[in-house]
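Keeping the supplied structure of chain H fixed, place chain R upon it in accordance with the hints.
For reference, the chains in residue letters:
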Amino acid sequence: MPKRRDILAIVLIVLPWTLLITVWHQSAITPLLATRKGEKLYTDLLCKRPAGPLVETSNRDIVEVVRTEYVYSRPPPWSDVLPTIHVITPTYSRPVQKAELTRLANTFLHVPNLHWILVEDSQRRTSLVSHLLQDTGLNYTHLNVETPRNYKVRGDTRDPRIPRGTMQRNLALRWLRETFSVNNSQPGIVYFADDDNTYSLELFEEMRSTRKVSVWPVAFVGGLRYESPKVNTQGKVYGWKTVFDPHRPFAIDMAGFAVNLRLILYKPQAYFKLRGVKGGYQESSLLKELVTLNDLEPKAANCTKILVWHTRTEKPVLVNEGKKGFTDSNVEI
Amino acid sequence: MAARMKLKLKTVFVLYFMVSLMGLVYALMQLGQRCDCTEHDLPKERTISRLRGELHRLQEQMRKSEATKQPQKQPAKPSLPTIFVITPTYARLVQKAELTRLSQTLLHVPQLHWILVEDSPHKTPLVTDFLAKSGLSYTHLHTPTPKDRKLQEGDPSWLKPRGAEQRNEGLRWLREDRRAQQGADSQQGVVYFADDDNTYSLQLFEEMRNTQRVSVWPVGLVGGMRYERPVVEGGKVVRFHTGWRPSRPFPLDMAGFAVSLRLVLDNQDACFDGDAPMGFLESSFLQGLVTMDELEPKADNCSKVLVWHTRTEKPKMKREEALQAQGLGSDTAVEV
Chain H
1 MPKRRDILAI VLIVLPWTLL ITVWHQSAIT PLLATRKGEK LYTDLLCKRP
51 AGPLVETSNR DIVEVVRTEY VYSRPPPWSD VLPTIHVITP TYSRPVQKAE
101 LTRLANTFLH VPNLHWILVE DSQRRTSLVS HLLQDTGLNY THLNVETPRN
151 YKVRGDTRDP RIPRGTMQRN LALRWLRETF SVNNSQPGIV YFADDDNTYS
201 LELFEEMRST RKVSVWPVAF VGGLRYESPK VNTQGKVYGW KTVFDPHRPF
251 AIDMAGFAVN LRLILYKPQA YFKLRGVKGG YQESSLLKEL VTLNDLEPKA
301 ANCTKILVWH TRTEKPVLVN EGKKGFTDSN VEI
Chain R
1 MAARMKLKLK TVFVLYFMVS LMGLVYALMQ LGQRCDCTEH DLPKERTISR
51 LRGELHRLQE QMRKSEATKQ PQKQPAKPSL PTIFVITPTY ARLVQKAELT
101 RLSQTLLHVP QLHWILVEDS PHKTPLVTDF LAKSGLSYTH LHTPTPKDRK
151 LQEGDPSWLK PRGAEQRNEG LRWLREDRRA QQGADSQQGV VYFADDDNTY
201 SLQLFEEMRN TQRVSVWPVG LVGGMRYERP VVEGGKVVRF HTGWRPSRPF
251 PLDMAGFAVS LRLVLDNQDA CFDGDAPMGF LESSFLQGLV TMDELEPKAD
301 NCSKVLVWHT RTEKPKMKRE EALQAQGLGS DTAVEV
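Just so you know, the protein sequences line up as chains H and R, in that order. If you're matching positions, the first sequence starts at 1 in the UniProt record's numbering and goes up one per residue. If you're matching positions, the second sequence starts at 1 in the UniProt record's numbering and goes up one per residue.
Because the hints were derived from the structure by calculation, they are not lab data. Heads up, some of the hints might be wrong.
Listed next, the in silico EDC-like pairs over lysine to aspartate or glutamate satisfying Cα-Cα at most 20 Å (straight line) [what the hints assert, rightly or not]:
1) K147/R <-> D275/R
2) K230/H <-> D331/R
3) K305/H <-> D129/R
4) K314/R <-> E335/R
5) K123/R <-> E169/R
6) K133/R <-> E205/H
7) K305/H <-> E335/R
8) K10/R <-> D6/H
9) K304/R <-> D328/H
10) K304/R <-> D6/H
11) K241/H <-> D197/R
12) K318/R <-> D245/H
13) K316/R <-> D245/H
14) K316/R <-> E314/H
15) K315/H <-> D196/R
16) K241/H <-> D295/H
17) K314/R <-> E100/H
18) K315/H <-> D197/R
19) K133/R <-> E202/H
20) K314/R <-> E314/H
21) K305/H <-> D331/R
22) K133/R <-> E206/H
23) K304/R <-> E332/H
24) K230/H <-> D245/H
25) K241/H <-> E321/R
26) K304/R <-> D135/H
27) K278/H <-> E289/H
28) K304/R <-> E100/H
29) K305/H <-> E202/H
30) K315/H <-> E313/R
31) K318/R <-> E314/H
32) K241/H <-> E335/R
33) K314/R <-> D195/H
34) K230/H <-> E335/R
Covered stretches of chain H (in silico footprint by chain R; criterion: 3 or more residues with CB under 8 Å from a CB of chain R, positions within the stretch not fixed) [said to hold, decoys possible]:
35) 86-98
36) 299-306
Glycine is no exception: its CB is placed at the ideal position from the N, C-alpha and C atoms.
Just chain H, same shape as in the assembly:
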């Protein structure tokens, strides 16, 4: 009898405790199971996604939305980490000017941390360019300097003895040297972009890592499909793959190189030579003051990809305007 009562007592003591412990254990596990599912969503959302091809994930809605957000914010928000690309563009008035600058601006609006230095070949800054720059929302600096008449290109023909845009590019270099001090550690890259060329977005990311001077191929220059630096197996530039005077110190087009801002500031005497420059030697006149062949950094997959095209826009034939001008000159084109 007492044995049975004892057993009953023990059972009555142990049972509730075991039930209690089981219950507590259960409730501790279920939140863990719930988080496992959420973890996957989290990694899908925050994993690094390149701007180009998208990573395939199971949750397509989030992927699409993130892509939309990147594409439509213009210009991209300024980053404290990326080096600034200072793009120097000389420009001059002609019928296609506004069109050229419009589509160039549409390209630049995709590039983060871009500072556009637009230098007009004019006596004073025109309202066409001022308004265009304001409307784009880009980070810009608007300068102007007029090329004296005997240096300007005569008529239509491109006379290579008179380099166009030289004074404007030099003014921009001077502005950079006056604005940024050598001790200032703001990283920057300087690129000379003409207003009629075509630039891929990848190009700007390639040049952002320039330490001294980086180079890459350019299409449609020198009468070839493309001109490019010659790169050896060690990844160093040793020559130039061009037909037109490949023995120039730097047989490269203006659009084919970028210079680190620090180098521009360290060598304040380096400018484009204005007088007595042979055709095709303008780029060399600047680069030989800045760097040697050995220091050049090849980009664009060791100079095997074309990321910039030296396109030229046809001069529009305005025959129907006649002597007095058929269209209203107040309408800006």
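Then chain R, alone, in the frame of chain H:
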């Protein structure tokens, strides 16, 4: 003493049992509610639940802030009318460059679908790869121009109408695709014919978005003039300001008008006549669709130029050709 002890023990036991029972009931009630068990959580679990909360918050934020979606997604949401841009293109040296800078403009325009039609018997790898990397919503089509309509080497560009077959193919695809779509939103939109060498401002696309029938605006650098434009009086187009053959039914350039999707779908037979005489290509399409007084003038009553008929020079290849004759041409594996 044994009795007293038994009594004490019994009450102790009963008390003990009651307490345990109450504790069990309490625990069972706690099971249904959110666990605030911070003492039991490992730091990792804590991070995970915090991140889950953030994730839910961000998802809510994104759902609220997203303005646009590609067509065919979320038809229930009121979205911007889609702009369908039909661009004929053909292989030549500057093709990739032209498409690159055109895509850079189009990338800024929300709710835009690019219909790129190649003048080619098959899809080329250059265009296929380019479109895949472009980041745009697109449809890649192709149709070759018959030989007798094709411009030959040395022909001036204005000799034969270019791109008619390709634009018609774009229209055909669009009509077929929209037939398969459900919902009122899918029938809403604008169709614009954009050549791959023109220059478009971003404002132009916003001007054309709400076209009801056919909207028109000035085009720069065309027709041998600084610009061509419709002349607007009292909010209606009364005539066209052009230096070349103003007697045409619609003396405007391909880049100077946009048609509402509704009109394109309602007129299944409207297309471009490849045999039309020079300059009449646009008229061959618009004639059946709309009359002059139905045209909707945009761009500030057609006083602003938002699109330019730029043309790109053919690059000089004399040295390349000389090298190729020697068998030393540039590497063709490098895509230009």
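Hints and how they fare:
1. K147/R <-> D275/R: holds (13 Å)
2. K230/H <-> D331/R: holds (13 Å)
3. K305/H <-> D129/R: Cα-Cα ~14 Å, so holds.
4. K314/R <-> E335/R: holds (17 Å)
5. K123/R <-> E169/R: holds (14 Å)
6. K133/R <-> E205/H: holds (15 Å)
7. K305/H <-> E335/R: Satisfied, since the Cα-Cα distance of roughly 7 Å is no more than 20 Å.
8. K10/R <-> D6/H: Holds, at about 11 Å.
9. K304/R <-> D328/H: Given pair K304/R, D328/H holds - Cα atoms ~11 Å apart, limit 20 Å.
10. K304/R <-> D6/H: violated (102 Å)
11. K241/H <-> D197/R: violated (29 Å)
12. K318/R <-> D245/H: Holds, at about 15 Å.
13. K316/R <-> D245/H: Holds: K316/R and D245/H sit about 17 Å apart, inside 20 Å.
14. K316/R <-> E314/H: Judged against 20 Å, a Cα distance of about 13 Å means the pair holds.
15. K315/H <-> D196/R: holds (17 Å)
16. K241/H <-> D295/H: Roughly 18 Å separates the two Cα atoms, so the pair holds.
17. K314/R <-> E100/H: holds (17 Å)
18. K315/H <-> D197/R: Measuring from Cα to Cα gives roughly 14 Å; hence the hint holds.
19. K133/R <-> E202/H: Within the cut-off at roughly 11 Å; holds.
20. K314/R <-> E314/H: It holds: about 9 Å lies between the C-alpha atoms, which stays within 20 Å.
21. K305/H <-> D331/R: Since the Cα atoms of K305/H and D331/R sit roughly 11 Å apart, the hinted pair holds (cutoff 20 Å).
22. K133/R <-> E206/H: holds (17 Å)
23. K304/R <-> E332/H: Distance ~7 Å between K304/R and E332/H Cα, so the pair holds.
24. K230/H <-> D245/H: holds (14 Å)
25. K241/H <-> E321/R: Given that 20 Å is the threshold and the Cα spacing comes to 15 Å, the pair holds.
26. K304/R <-> D135/H: holds (15 Å)
27. K278/H <-> E289/H: holds (17 Å)
28. K304/R <-> E100/H: holds (17 Å)
29. K305/H <-> E202/H: Holds: K305/H and E202/H sit about 11 Å apart, inside 20 Å.
30. K315/H <-> E313/R: holds (9 Å)
31. K318/R <-> E314/H: holds (19 Å)
32. K241/H <-> E335/R: It holds: about 16 Å lies between the C-alpha atoms, which stays within 20 Å.
33. K314/R <-> D195/H: Satisfied, since the Cα-Cα distance of roughly 17 Å is no more than 20 Å.
34. K230/H <-> E335/R: Since the Cα atoms of K230/H and E335/R sit roughly 17 Å apart, the hinted pair holds (cutoff 20 Å).
35. 86-98: This one holds; 3 residues, not fewer than the three required, reach chain R with a Cβ under 8 Å.
36. 299-306: holds (count 3)
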